[in-house]
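Use the sequences and the hints to build the structure in full.
First to last, the sequence lines map onto chains R and D. My numbering numbers the first residue of the first sequence as 1 and each following residue consecutively. My numbering numbers the first residue of the second sequence as 1 and each following residue consecutively.
Since the hints were derived computationally from the structure, they do not count as laboratory data. Treat the hints with care, as some may be off.
[As the list claims (entries may be wrong)] Derived pair list, reagent style PhoX-like, types lysine-lysine, alpha-carbon separation capped at 20 Å:
#1 R:147 - D:6
#2 R:126 - D:6
#3 R:147 - D:333
#4 D:291 - D:308
#5 R:147 - D:17
#6 D:335 - D:345
#7 R:147 - D:156
#8 D:17 - D:6
#9 D:346 - D:335
#10 R:147 - D:345
#11 D:333 - D:345
#12 D:91 - D:17
#13 R:5 - R:28
#14 R:229 - R:5
#15 D:17 - R:126
#16 R:171 - R:28
#17 D:346 - D:333
#18 D:17 - D:335
#19 R:126 - R:110
#20 R:147 - D:91
#21 R:147 - R:5
#22 R:126 - R:108
[Unchecked claim] Okay, the calculated bits of chain R under chain D, using three or more residues with CB under 8 Å as the criterion:
#23 68-74
#24 93-106
#25 191-198
Values in this document were obtained by computation on a predicted structure and should not be read as measured data. Don't be surprised by glycine CBs; every beta carbon is placed ideally from N, CA and C.
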Amino acid sequence: MSYFKVDAITLRFGGLVAVDAVSFEIEKGEIFTIIGPNGAGKTSIFNLISRLYNPTSGRLYFEGRDITELAPHEIARLGIARTFQNIELFDNASMLANLLVGRHCHTKTKLWQEMLFLPSVRAAEKAHRHMVEEIIEFLDLQPYRDKIIAGLPYGVRKVVELARALCSEPKLILLDEPSSGLNVEETTDMSFWIRDIRTELGITVLMVEHDMSLVNRVSDRVLALNYGKVLTLGTPAEVQNHPDVIAAYLGA
Amino acid sequence: MRFTFKTDYDQDIRIVKHGGYVWSYGVLLALLALAPFVLSSYLQSQMVFVFIYAIVGVALMILTGFTGQASIGHAAFLAIGAYTAGYMQSKGIPFVVYFPLAAVLTGGIGVIVGFPALRLHGIYLVIATIAFGLIVEEVLARWESVTHGNEGMRVKALDILGWVMPRDGAAFYVLTLLTLVGVLVVALNLLRSPTGRAFIAIRDSETAAKSMGIDLAGYKVKSFAISAAITGLAGALFAHKMSFISPEMFTLLLSIEFIMVIIIGGAFGLHGAVMGAVFMVMIDPVLTELKDGLPGAAGRFFGMAGMKGAIYGLIIMMFILFEPLGLYGRWLKIKLFFQLFPLYKKATFKRQKTYVKSERNR
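Here it is in structure tokens:
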């Protein structure tokens, strides 16, 4: 059984088939990229995996376990974290608070203990903060620790969102267009971080990306989609030269 | 301006961030404790109402300010707390039992209200909470065997294991103050632990909260329950302070007064709840003065029926238009002005517009 498996997943909105019987498997420690023109169903697949959408048919398996019926908040506890295309941060909270929310799936303290802020809660808080500081150091976010998100530039928010996902100590991370809205320099940083996430933190990466230079630099395998259907699957070079992919992007 | 150099996680975790606060809040608390020996009985009584309003303000701040779930039904929670206290006292149950029980019972009702509220957002949730308030008001008027209906109910003086505290006395004042301080400490503790952060996460982005492992339903219900329970405590104190309770005291207008407490105070911090409570309690004598003190036509104008509601509406609009951050926001701005003098710029508190949110995912 592979590490993560999508088995013939289909998503229908009324008459529109957004994702049409898509299947693929991801190996542990892989950087797997989904590409495709606008409306191909890339983000829909992400939303299916993080259980924001219910699939019309098909199953999802993670570490051999069927996760198709789980609630969205249970997905995070299994070790699947994600970022969003349009950045979904908690805008009126500090960056530190945002990252600490990333630790939420590891909290074990009870409500009444937190009301009294018992020593056990304090100890847990310190452990969370320690982990958060490591991620802050990993992504060079020190200058923004106490800043409110609403005042931060777009590029920084993008990194903060990545940091929040990493704070949950995921085994699989879903990155929805990590480079969108970033300049060339920031995109280069992002490509280094994505590789470091795999090699240093040992996290498997599934990402959706449009920037082909970034895809070529980091991906092990690429899946090309169009109109919800799989066009081809292979190494970045193979996929880029595949006639169907060229046709989908440039027209037949 | 003070810069704290952080070398320890505890510095960030503890409630009192630096020594200056120990002094300023210590002095404030000492002054409040001495107040009953200095103030006139009228002002002391007003202070008790400030504390009760502030307790409800903290409750509403947790639900609306931090979790982002609006409620215009908190007068009903107050009523449930008040009637629980009144009824149980009349049955001979001691205060030390019915005071916490008022919180537990009201919290339970909060859970019941919380569950249907899970599927409602924004204006629909507001309507549902208004409906809840009206239902409770009606139940209080009809359930005569317990509430004595529209006749109302007398509430005897508070009695802690034989120590009688008359409603105008210093002991009752201190008890209300202590309850407020206790509630504030619990709220602060929640805010610095995972539950409080989960509340804020739900307020700012439900989609992201879900995918970070926050059980939306669970935490929204928790927020409703905590908020209701705290309001129940305030209700028990309110019953003793009024010494007489009847259904028409817990109307929609009272719920709106509570919402005003947090809007006027500033719905982003616990300071706001207290400042808003001071404003709301002190506005009443001002309105009375306008009605009775002004001569001729002006006095008649302010004496018209429904004028109170109209003036409240005007105040809410003025705050939303000109000071959406409320009194606490204004206080922070004034403080910053002096800290940065002469470099303060108006734009400091202007926030960048947020980017498109995926509303469709919620």
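**Asked** Given the hinted pair residue 17 of chain D and residue 335 of chain D, is their alpha-carbon gap at most 20 Å?
**Response** holds, 17 Å
**Item:** 20 Å Cα cutoff - pair residue 147 of chain R, residue 6 of chain D
**Value:** Between residue 147 of chain R and residue 6 of chain D the Cα gap is close to 15 Å, so the pair holds against 20 Å.
**Prompt:** Quick one, are residue 147 of chain R and residue 333 of chain D close enough, alpha carbons at most 20 Å?
**Reply:** Between residue 147 of chain R and residue 333 of chain D the Cα gap is close to 17 Å, so the pair holds against 20 Å.
**Message:** Does residue 333 of chain D sit within 20 Å of residue 346 of chain D, going by the straight-line distance between their CA atoms?
**Reply:** holds, 9 Å
**Asked** Is the Cα-Cα distance between residue 171 of chain R and residue 28 of chain R 20 Å or less?
**Response** Holds, at roughly 9 Å.
**Prompt:** Within a Cα-Cα threshold of 20 Å, do residue 291 of chain D and residue 308 of chain D meet the stated pairing?
**Reply:** Distance ~10 Å between residue 291 of chain D and residue 308 of chain D Cα, so the pair holds.
**Prompt:** residue 147 of chain R and residue 156 of chain D: Cα distance at most 20 Å?
**Reply:** Given that 20 Å is the threshold and the Cα spacing comes to 52 Å, the pair is violated.
**Prompt:** Are at least 3 residues of the region 191-198 of chain R within less than 8 Å of chain D when you compare beta carbons?
**Reply:** Violated, because only 0 residues of the region 191-198 of chain R bring their Cβ atoms closer than 8 Å to Cβ atoms of chain D.
**Prompt:** For the pair supplied as a hint, residue 17 of chain D and residue 6 of chain D, is the alpha-carbon distance within the 20 Å limit?
**Reply:** holds, 10 Å
**Asked** CA of residue 91 of chain D to CA of residue 17 of chain D, is that 20 Å or under?
**Response** Outside the cut-off at roughly 46 Å; violated.
**Prompt:** Given the hinted pair residue 5 of chain R and residue 28 of chain R, is their alpha-carbon gap at most 20 Å?
**Reply:** holds, 11 Å
**Item:** 20 Å limit on alpha-carbon distance, applied to hinted pair residue 126 of chain R and residue 110 of chain R
**Value:** holds, 16 Å
When each numbered hint is compared with the structure, violations occur for hints 7, 12, 20, 21, 25.
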